[in-house]
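If you read the sequence shown in this note's numbering, its first letter stands for residue 64, the second for the next number, and so on.
In case anyone wonders, no lab produced these hints; they're calculated from the structure.
Each hint should be verified, as a subset may be incorrect.
[As the list claims (entries may be wrong)] Pairwise CB distance ranges, derived in the manner of DEER restraints: (1) Asn66 - Asn487: 13 to 23 Å; (2) Thr223 - Lys140: 41 to 51 Å; (3) Arg289 - Thr196: 44 to 54 Å; (4) Asn487 - Thr139: 53 to 63 Å; (5) Asp432 - Asn72: 28 to 38 Å; (6) Ala417 - Gln464: 13 to 23 Å; (7) Glu371 - Arg270: 15 to 25 Å.
[Stated by the list, open to error] Straight-line distance between alpha carbons at most 25 Å, and here's what the computed SDA-like set of lysine to any residue pairs gives: (8) Lys246 - Asp218; (9) Lys263 - Arg127; (10) Lys263 - Lys144; (11) Lys144 - Asp218; (12) Lys448 - Asp461; (13) Lys369 - His382; (14) Lys358 - Tyr465; (15) Lys369 - Ile138; (16) Lys76 - Arg496; (17) Lys290 - Ile321; (18) Lys358 - Ile67; (19) Lys438 - Glu418; (20) Lys369 - Glu455; (21) Lys290 - Ile228; (22) Lys76 - Asp218; (23) Lys438 - Lys144; (24) Lys358 - Asp461; (25) Lys140 - Leu256.
Note that the Cβ used here is the ideal one computed from N, Cα and C, for glycine as well.
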Amino acid sequence: MKNIYWNENLIRKYDLQGPRYTSYPTAVEFQNDFPITAVHEAAAASRATNRSLSLYLHIPFCARLCYYCACNKIITKRREKAIPYLNALYREIALQSELFGADRLVEQLHWGGGTPTFLAPQQMRDLMNELRTHFRFMDNDQGDYSIEIDPREADDETLTTLREIGFNRISLGVQDFNPAVQKAVNRIQSEELTLGVLHKARELGFRSINIDLIYGLPLQTPDSFRKTVDTIIDFAPDRLSVFNYAHMPQRFMPQRRIRDEDLPRPEDKLTILQQSVDQLIAADYRFIGMDHFAKPGDELSIAQEKGELHRNFQGYTTHGDCDLIAMGASSISMLDRCYYQNCYDQESYETAMAENRLPIIKGVQLNDDDVIRRKVIVELICNFKIDYRRIEALFNIDFAQYFHGELNILQDMEEDGLVTFTRNGMHVNPTGRLLIRGVCKVFDRYRAQAQQGFSRII
Numbered sequence: 064m065k066n067i068y069w070n071e072n073l074i075r076k077y078d079l080q081g082p083r084y085t086s087y088p089t090a091v092e093f094q095n096d097f098p099i100t101a102v103h104e105a106a107a108a109s110r111a112t113n114r115s116l117s118l119y120l121h122i123p124f125c126a127r128l129c130y131y132c133a134c135n136k137i138i139t140k141r142r143e144k145a146i147p148y149l150n151a152l153y154r155e156i157a158l159q160s161e162l163f164g165a166d167r168l169v170e171q172l173h174w175g176g177g178t179p180t181f182l183a184p185q186q187m188r189d190l191m192n193e194l195r196t197h198f199r200f201m202d203n204d205q206g207d208y209s210i211e212i213d214p215r216e217a218d219d220e221t222l223t224t225l226r227e228i229g230f231n232r233i234s235l236g237v238q239d240f241n242p243a244v245q246k247a248v249n250r251i252q253s254e255e256l257t258l259g260v261l262h263k264a265r266e267l268g269f270r271s272i273n274i275d276l277i278y279g280l281p282l283q284t285p286d287s288f289r290k291t292v293d294t295i296i297d298f299a300p301d302r303l304s305v306f307n308y309a310h311m312p313q314r315f316m317p318q319r320r321i322r323d324e325d326l327p328r329p330e331d332k333l334t335i336l337q338q339s340v341d342q343l344i345a346a347d348y349r350f351i352g353m354d355h356f357a358k359p360g361d362e363l364s365i366a367q368e369k370g371e372l373h374r375n376f377q378g379y380t381t382h383g384d385c386d387l388i389a390m391g392a393s394s395i396s397m398l399d400r401c402y403y404q405n406c407y408d409q410e411s412y413e414t415a416m417a418e419n420r421l422p423i424i425k426g427v428q429l430n431d432d433d434v435i436r437r438k439v440i441v442e443l444i445c446n447f448k449i450d451y452r453r454i455e456a457l458f459n460i461d462f463a464q465y466f467h468g469e470l471n472i473l474q475d476m477e478e479d480g481l482v483t484f485t486r487n488g489m490h491v492n493p494t495g496r497l498l499i500r501g502v503c504k505v506f507d508r509y510r511a512q513a514q515q516g517f518s519r520i521i
């Protein structure tokens, strides 16, 4: 079933800047000098619920610089540079376990970066052992334990180690297979190398494989990217992410090495996205939302059909009832009414942990209005619909009265066919799903700020 439709005129009309809504409020609203007392209070409230946990670990090291990258990273070929960072991470693991409770079940785990597979196999074993010492993991491969992999940093020993220590999901960074594009972004990675990693992962029994692609990179053309997508479809991953490259060299120094004249024209970029969507839908992938696609039998597709999909800083997830505890430099934790972020650089992080204090530099406490709007935005971005009665029952409000101004703004989108209103709610039509960030932004109380500092929706 085709759950997404392309309308170029509407895309051009609504393709404005906006957040990706991995959280609401977004990280732009985080305040400096965030009080540590707020974190301790939020942790106590979290312990009282005994909710399961989702853990995120940030491994910032990369052996090579990819020019498009906007992630927090440390470029080095010196593998020993990870040793003091890991020692600091061990201390934070112990500190967070004490703060949130060692007996709470870890349903979800993700290692991101950077390049987590920058670590040597024994370092990865030691890190997982440290986690298992301080937190309670699920048995019999029941948890969702995932890791980001650079195929250039993952040989058979690495993959075997990851499977043995408990990972059952992997995400492979590919971006583009065209040699000219790879050279332009300083990421040379052959199809054969990537396919070898994928085959080995399947042989080892990883139950889910995701592949990341990026459209809008220098020297990309509709024809060249079509070939990349065809190759990926032949690989048959369970999930795909097709991200929009946001060229912001004024914010991210590595992007200054990309020549503006090498970037695809806006009309070519739209063509690349349109044909990619058509290719994936024709190959029986479902559009989950934002940039994500999944096979019909994938857990994300099933959860979306049931109206049970969620979203957090790790992306789409079936574990929305978990508190997200993030560890490592720049990582962001997400509790019920409190989000906070660790310091960015390695030195500050290691200093904080040597002093046995939380390395938090900023955060935000959610008020009642934030919580209500977060629920509405999550429902839209995950399930493409809102049931007014459900929101009213949860928060004791009259939806039409509370969101009177927002519903008026949405009338233009209704006239354009992006959304449809019913007696007890609204849903996003297939025409509006690519523009879901724009629909969500209507309910964003901070939407004036959301016009600046973000990438375009498409």
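Hints, verified against the model:
1. Asn66 - Asn487: 13 to 23 Å: Roughly 22 Å apart at Cβ, these two residues keep to the hinted range, so it holds.
2. Thr223 - Lys140: 41 to 51 Å: Since the Cβ atoms of threonine 223 and lysine 140 sit about 24 Å apart, the hinted range of 41 to 51 Å is violated.
3. Arg289 - Thr196: 44 to 54 Å: holds, 48 Å
4. Asn487 - Thr139: 53 to 63 Å: With a Cβ separation near 56 Å, asparagine 487 and threonine 139 satisfy 53 to 63 Å, so the hint holds.
5. Asp432 - Asn72: 28 to 38 Å: With a Cβ separation near 34 Å, aspartate 432 and asparagine 72 satisfy 28 to 38 Å, so the hint holds.
6. Ala417 - Gln464: 13 to 23 Å: At 53 Å between Cβs, range violated.
7. Glu371 - Arg270: 15 to 25 Å: holds, 19 Å
8. Lys246 - Asp218: This hinted pair holds, its Cα atoms lying about 22 Å apart.
9. Lys263 - Arg127: At roughly 24 Å apart (the allowed maximum being 25 Å), arginine 127 and lysine 263 satisfy the hint.
10. Lys263 - Lys144: Violated. Lysine 263 to lysine 144 sits at ~29 Å, over the 25 Å cutoff.
11. Lys144 - Asp218: The given pair, whose Cα atoms are some 21 Å apart, holds under the 25 Å limit.
12. Lys448 - Asp461: holds, 17 Å
13. Lys369 - His382: holds, 14 Å
14. Lys358 - Tyr465: With a Cα-Cα distance of about 37 Å, the restraint between lysine 358 and tyrosine 465 is violated, given a limit of 25 Å.
15. Lys369 - Ile138: violated, 42 Å
16. Lys76 - Arg496: holds, 14 Å
17. Lys290 - Ile321: holds, 23 Å
18. Lys358 - Ile67: OK: lysine 358 and isoleucine 67 at ~15 Å, within 25 Å.
19. Lys438 - Glu418: violated, 38 Å
20. Lys369 - Glu455: holds, 20 Å
21. Lys290 - Ile228: violated, 36 Å
22. Lys76 - Asp218: Roughly 46 Å between the alpha carbons, so the hint for lysine 76 and aspartate 218 is violated.
23. Lys438 - Lys144: violated, 41 Å
24. Lys358 - Asp461: violated, 37 Å
25. Lys140 - Leu256: holds, 20 Å
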